[in-house]
Structure formats: C-alpha cells, structure tokens
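Enquirer: From just these sequences and the hints, can you work out the full model?
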Amino acid sequence: MAEVTLDDILSAAERLSNIASVTPVMTSATMDGITKAGVVLKCENFQRTGSFKFRGAYNTLAKMSMEKGAAGVLTYSSGNHAQALALAGRLLDVPVTVIMPSDAPRVKAEATLDYGAEIIEYSRDEITREELAAAVAKERSLPIIPPYDHPDIVAGQGTVGLELISAFPGLDDLIVCCGGGGLLSGCAIAVKSKSPNTRVIGVEPEAADDATRSFYSGELVTIRDPVTIADGARTPSLGSVTFPLVLRHVDEMVTVSEQEIVDAMRFLWERMKIVVEPTGALATAAILSGKVEVAGKQVGAVISGGNVDLKRALSLLYSTGKAS
667 MAEVTLDDIL SAAERLSNIA SVTPVMTSAT MDGITKAGVV LKCENFQRTG SFKFRGAYNT
727 LAKMSMEKGA AGVLTYSSGN HAQALALAGR LLDVPVTVIM PSDAPRVKAE ATLDYGAEII
787 EYSRDEITRE ELAAAVAKER SLPIIPPYDH PDIVAGQGTV GLELISAFPG LDDLIVCCGG
847 GGLLSGCAIA VKSKSPNTRV IGVEPEAADD ATRSFYSGEL VTIRDPVTIA DGARTPSLGS
907 VTFPLVLRHV DEMVTVSEQE IVDAMRFLWE RMKIVVEPTG ALATAAILSG KVEVAGKQVG
967 AVISGGNVDL KRALSLLYST GKAS
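Take 667 as the starting number for the sequence shown in my numbering and just add one per residue.
Check the hints yourself; a few may be wrong.
Cross-link-like lysine-lysine pairs, in silico, DSS-like; alpha carbons within 25 Å at most [to be verified]: (1) K804 <-> K734; (2) K729 <-> K804; (3) K957 <-> K702; (4) K939 <-> K702.
The set of hints was computed from the structure by calculation and includes no laboratory data.
Expert: And the structure:
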C-alpha cells in the first residue's frame with residue numbers, strides 16, 4: 667500500500683507556498699442558527715483554477731519535474747483536475763494532455779484549453795477514460811498523473827485539511843466531499859495527525875455511493891457512470907491508493923440526495939453570496955440536511971470548488987421540481 671504521511675503533506679505545503687492560495691474560511695450566523703453549531707467553511711472555490719485540485723496537481727508535477735524532469739504528462743478528468751494540471755503545466759513549462767468526456771461541463775473544458783492543455787474527447791458509452799489514457803500514454807510515451815489515486819496528489823490535497831486544522835485546532839468534526847477519495851484521505855491524514863479526536867466524515871451523492879459502500883463493506887465497490895449533478899463525484903470507485911487510506915483514517919461516510927445538494931447550493935449562493943458547484947456543496951448538504959449531527963459542536967466543512975456552468979446552475983437553483 668502506498669502510504670501518505672503528515673511529513674508528505676508538510677513537504678507539499680512547502681512546494682505550494684506562494685504558489686497555491688491559502689483559501690479563506692467563511693462563517694454564517696444563519697447556518698449556525700439552523701444547525702445549532704459553530705460551522706466554518708474552507709472555501710476552495712477561491713483556489714487557483716476554482717478548486718482544491720490545483721494543490722495536488724501542482725505538488726505532483728513539481729515533484730516529478732524536480733526528480734526526473736517531465737517532457738509532457740497525460741491525465742483524465744471531467745474538468746477540475748484537468749484545469750489544475752493544465753495550469754500547473756503552464757507554470758512549470760510542462761505540456762499537458764487531457765482525456766475528457768464529451769459531456770464534461772463546458773466551462774471546465776474551455777478553462778482547460780485556456781490554460782494551454784490539449785484535450786482528447788471520448789464518449790463514456792464507448793470506452794473508459796482509463797482505457798483510453800493507457801492507449802494514448804503508450805502511443806505518446808507520456809506518464810499518467812491520475813486525478814486522485816496517487817500519493818503526491820493525496821499529499822497536495824491534504825494541505826486543505828492542514829490549513830484548516832492549524833487555524834481551528836479544536837474542531838469536533840471535519841466534513842469533506844468524496845469522489846475518488848484524494849481530498850478526503852489527504853484531509854483525514856492531516857487532521858488526525860494534528861487533532862486525533864477530530865472526527866472526519868466523507869460525503870457522497872446517494873446516486874454515486876461507491877465509496878460509502880466500500881467503507882462499510884471493506885470491499886472495493888465500483889459504480890460505472892453514476893447519474894448525479896455532482897460531476898466531481900462521478901468517479902467509479904476509490905483507488906488502490908485512496909481506498910486503504912480512507913479505511914484507515916476516515917471515521918464515517920454519509921450520502922445526500924440530489925435535492926439536498928441543490929438546497930445546499932441555493933443556501934450558499936443566496937445567503938453567503940458564494941458561487942459553489944454541486945460537488946462543492948456536498949459537505950454543506952450533509953450539515954444542512956441533518957445527515958451529520960452537528961448540534962453543539964464546532965464543525966469544519968470543505969467547499970471543494972466553484973467551477974459551474976451558470977446556465978445549468980441557475981436551472982437547478984430556481985427549478986420548482988426535483989433536481990435532475
């Protein structure tokens with residue numbers, strides 16, 4: 667098993683110093699009143715490229731470039747990791763190629779191109795991104811930097827938790843969204859190392875609950891192309907790196923409905939005036955819906971990103987029916 671330690675996260679923090687943003691923490695008296703808790707939100711929607719993904723991408727590419735150089739790299743992503751690696755490649759002068767589904771959010775694809783990456787589109791119905799990436803990597807002799815299943819990615823993402831627990835050392839709970847588990851496992855390692863009594867809780871959409879099933883069964887569960895508005899959580903499963911780390915360091919997993927995700931988005935947009943994508947609202951959804959009992963506690967939650975197609979987001983926020 668590839669181990670990731672606090673020392674790895676501290677080293678990542680040094681690489682990211684003056685490169686990544688130390689993102690703000692926001693509070694809401696209204697949220698505290700609703701939940702009867704003290705809630706602090708770590709706003710990674712204000713990170714470079716609009717999500718936490720920049721941390722892991724830059725850490726991995728910077729370390730690779732220092733150790734053995736990089737003439738170019740390949741990845742696969744529906745958007746946030748693609749943007750993050752594209753910017754990291756531009757900063758480090760490393761060409762980046764991205765395998766991206768044809769139905770990825772337009773705003774994420776356009777930003778990836780703007781950062782200078784090449785995109786190779788594919789249809790989810792015809793081939794998996796991992797299969798296509800393996801073929802392209804072989805053809806072009808490019809190393810693959812996956813979105814989450816890599817020790818250096820996990821270490822970079824762990825700096826989110828490191829920053830938050832350093833600023834708020836007395837948190838009772840930390841609640842984090844989960845797609846492939848890089849952010850969740852990295853934050854759990856950092857927080858448990860600094861504050862062993864803080865509980866770390868992962869959140870998934872009900873329709874994409876592979877990590878939750880895996881966590882409670884102890885067996886890796888795969889769900890191919892789950893249908894959820896939280897596109898960052900459409901990963902088929904935890905990875906060979908992240909699954910053992912989640913089992914070891916995370917305390918609990920919960921799921922939220924599509925409507926609960928939309929309700930959390932609406933609260934964050936309307937009451938806190940911050941733009942958050944559906945995946946970014948997962949942790950807040952778990953708090954506001956009561957899926958995690960927080961009354962009387964000091965609680966941290968990670969808003970993972972804000973890269974959202976505005977037309978799509980507005981149709982969700984102001985729909986009178988169910989989220990779809």
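Enquirer: Hint by hint, say whether it matches the structure.
Expert: Now the hints, each set against the structure:
As the CA atoms of K804 and K734 are separated by approximately 19 Å, the hinted pair is consistent with the 25 Å bound. For the hint pairing K729 with K804, the CA-to-CA distance comes to about 22 Å; that is within 25 Å, so the pair holds. Between K957 and K702 the alpha-carbon distance is near 14 Å, which keeps this suggested pair within the 25 Å criterion. Our distance criterion of 25 Å between C-alpha atoms is met by K939 and K702, whose separation comes to about 21 Å.
Of the numbered hints listed earlier, not one is contradicted by the structure.
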